[in-house]
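What follows is the residue order along each chain.
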Amino acid sequence: GAGVSQSPSNKVTEKGKDVELRCDPISGHTALYWYRQSLGQGLEFLIYFQGNSAPDKSGLPSDRFSAERTGGSVSTLTIQRTQQEDSAVYLCASSLVASNQPQHFGDGTRLSIL
Amino acid sequence: AQSVTQLDSQVPVFEEAPVELRCNYSSSVSVYLFWYVQYPNQGLQLLLKYLSGSTLVKGINGFEAEFNKSQTSFHLRKPSVHISDTAEYFCAVSDLKGAQKLVFGQGTRLTINP
Chain Z
1 GAGVSQSPSN
11 KVTEKGKDVE
21 LRCDPISGHT
31 ALYWYRQSLG
41 QGLEFLIYFQ
51 GNSAPDKSGL
61 PSDRFSAERT
71 GGSVSTLTIQ
81 RTQQEDSAVY
91 LCASSLVASN
101 QPQHFGDGTR
111 LSIL
Chain F
115 AQSVTQLDSQ
125 VPVFEEAPVE
135 LRCNYSSSVS
145 VYLFWYVQYP
155 NQGLQLLLKY
165 LSGSTLVKGI
175 NGFEAEFNKS
185 QTSFHLRKPS
195 VHISDTAEYF
205 CAVSDLKGAQ
215 KLVFGQGTRL
225 TINP
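Heads up: the protein sequence lines correspond to chains Z and F, in order.
Numbering follows our numbering, in which position 74 of the first sequence is assigned residue number 74; successive positions increment by one, without gaps.
Plus 114 on top of the position in the second sequence (first one is 1) and you've got our numbering.
I should point out that these hints are in silico values taken from the structure, not numbers from a laboratory.
Note that CB positions come from ideal geometry on N, CA and C, so glycine has one too.
Be a bit skeptical, because a hint or two may be false.
Computed, partial: chain F to chain Z, Cβ under 8 Å [to be verified]:
id, residue
1, Y146
2, Q156
3, G157
4, Q214
5, L216
6, G221
Just need the whole structure built from these sequences, with the hints factored in.
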């Protein structure tokens, strides 16, 4: 079946612009995660959605970052007023509900801020 | 809070030789343990996971890992590597309960030389 789909695969934008990154999870997966992978910081958790519960936003690095998940499926990560340190690969993952279920990752969006 | 340490940032190995990638973790609570592999320009793929039971876990592509609670380690091994195993490998932990956000190590780049 289809895996986790992320778009765009690459995004280049100027400092100060807003960007939106999209994630389509695997059908039936109610848990959705965003991670950021950068050279300096490695892989970091950003935000977690589970069903209709309030999201866990504890990993968002600043208030310029926000995310939503509409209809319990597609998610959008928005970065406002982008800075050069936002350059990274943004990975989305989804899983079934249960703490022992593995996360399935998309191929990521490579974001470059000029 | 948890932390994961991958002791080697790079491991060069000759083809058909055995390899061990080391992982140690720190946590005040019990955790689940995972190894993921990342090929260039791709997302993360699950190699194996330890949830409970037998401390020796077998995964895909001939990899296995052994959970050692007293040493808080979860080292990854393969008896004979192939060129196609060249990739970055990440060790990760997650809580048994609550949000399943993964805490990752810094990664080990495995390079297989002919």
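Check your understanding: Hint by hint, which ones does this structure get wrong, listed from lowest number up?
Key -> Going through the list in order, the structure violates no hint and respects every one.
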